[in-house]
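Asker: Here's the letter readout for the chains.
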Amino acid sequence: MSTAAGSLLTYIDTPVVVGDPDGRVAYVNPAFEKGFSVDLEGVMGQPLAHLFDGGAREFVLASVAEACELGETVRFRIRQGGVGFGAIASPIVAEDARVGVALLLVELAATDERSLTLCREMTECLDDLGRILDEMLEQTGGRRAERYRALVEDGVRALGRAHKWSGELESVISGKPASAATPSRFDPVAVLRDAAARARPEFESAGLSLEVLVPAQLPELRGDGGLLELALSHLLRIHRVGANDTSLVTMSARIRPRGDGTSVVISVIGSGAVEGDAPEEDAFSTVRSLVEEIGGEIRISDAPLGGRATVIRLMVA
Amino acid sequence: MGESEAAKIQRLIRDGLDCFGTNDVSQAIACWDEVLAIDPQNAKALDYLEAARGDGETKPPDVGPDDAGDEEPEREVTRLLEQAQKLLGNDDLEGALSLFHAAANRDPDRIEIESYIDMVRGRLVQRYRDRVGDTGVAPRMVIDPSEVTGFDLAADVGFMLSLVDGKTSIDELIALSGMDVFEALRILNELVAAGIAELES
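If you're matching them up, the sequences are chains A and B in order. Numbering-wise (the numbering used here), the first sequence opens with residue 583 and increments by one. Numbering-wise (the numbering used here), the second sequence opens with residue 3 and increments by one.
Accuracy of the hints is not assured; some may be wrong.
To be verified - Stretches of chain B that chain A covers, calculated by requiring three or more beta carbons in the stretch to come under 8 angstroms of a beta carbon on chain A:
#1 14-24
#2 138-147
#3 157-163
Stated by the list, open to error - Residues of chain A placed beyond 12 angstroms of chain B at every Cβ, according to the derived structure:
#4 Ala631
#5 Met704
#6 Asp716
#7 Glu875
Stated by the list, open to error - Away from chain B, derived, C-beta distances all over 12 angstroms, residues of chain A:
#8 Gly605
#9 Gln628
#10 Arg696
#11 Leu795
#12 Glu811
#13 Ala835
#14 Gly877
#15 Arg881
Worth flagging that the hints you see were computed from the coordinates, not collected in a lab. Don't be surprised by glycine CBs; every beta carbon is placed ideally from N, CA and C.
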């Protein structure tokens, strides 16, 4: 630590700790000494872990390791001595290219802490609601309950969005970068297999065939995989409900070039006629909105040999 | 032993469809004529030749690049789709699949064509399953490995063949190959039809 930098940090009211590449304390500023009741001489050369207690210690060590490994600033929160801190761990590259760390600890305002607590309370309620809706979903598998099942699925979708925005709010309050800056991605193979696994028992009990044509690997796609799974589950149910006893339903996914990029094309095709035009259109509109929500392109058309074909195109992340 | 007659016919039929799909009609005709030289009664070759040499409706328009207007690709796709529908009507799923692929490559914006492809793939999988029967059986190579080069195998077919050892079941081959069920079963059927592999009973 240079004298100039050390003297600058001396006058900062915010607690600062500098760790060397071996994870030991190289410097703590007076604000840290005061706030954490330690003195520089006593902690110099000690492992960083010695500065913090319990859960805070785990968070600090994990975040320091992450910052050093990725070479990126990591934000996190700790509670030490009854006070909440928003912490920033930034990597410092030493002359021998080994990486140390600077920790900046900003005391959180009581309102921020309260807001975060409220966020967590909300998350618990959302989790409870999720469990309840999942159970209701299981109980609405029959044909007569189709309408209620669609309503429950709408509820699950809305809950998913509430979860997402609750997470965003927590990120904003705790100073983490918003996840919207880094679009989410998902593995389409896992999504298709999950949707098929969920639908298969109902197909089997109806004596119908469900053929899934998916390679072992496909590139990751942009968007929310949960919404795609919901759309596929919905589509499979439409085909199962409208199928006759000789129907074959095929769900497949393939890579296809698209302009300068690459896309994955996902199809669900029922060979039998789909009964009941009006409810079917309602059901397809839900699928349509789900796919459009994740930025996909969707087309529903009559298959050449009868039945209905739905094709979804999503761009590779 | 080189490529068997059955394998050669199968390859020529497929090559012809590929050429037809890319509007290389004369080459497609040459392929199917070659099939008739081996098997004069081959129904597929006769059917395809009739379509390729047929009236203006099915025959691809003979225009040079300079004459091709904006509507040309659309007409081309329509022609391919009509031809594919005809083949579907004749239960020629492999032929229809080739033409749907050609149409999709011509007009990538019409994503419904992709679902036609998947519909045919789904039906073909059922057909392949019926042909192979029990997927727990292990295919076995019936030619000498030194003869493999005489078959002019595509890379994915060669890869699948490299996994065939007489001990690994079809289910395991599907899993090991990383291919989807359609591709894996298509190739296994092709290997059996070409007399390169057989299914142990």
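Asker: Look at each hint and say if it fits the structure.
Answerer: Comparing the hints with the structure gives:
no., hint, verdict
1, 14-24, "violated (count 0)"
2, 138-147, "violated (count 0)"
3, 157-163, "violated (count 0)"
4, Ala631, "holds (45 angstroms)"
5, Met704, "holds (40 angstroms)"
6, Asp716, "holds (30 angstroms)"
7, Glu875, "holds (18 angstroms)"
8, Gly605, "holds (42 angstroms)"
9, Gln628, "holds (52 angstroms)"
10, Arg696, "holds (50 angstroms)"
11, Leu795, "violated (5 angstroms)"
12, Glu811, "holds (19 angstroms)"
13, Ala835, "violated (8 angstroms)"
14, Gly877, "holds (15 angstroms)"
15, Arg881, "violated (5 angstroms)"
The structure fails hints 1, 2, 3, 11, 13 and 15 (numbered hints given earlier, in ascending order).
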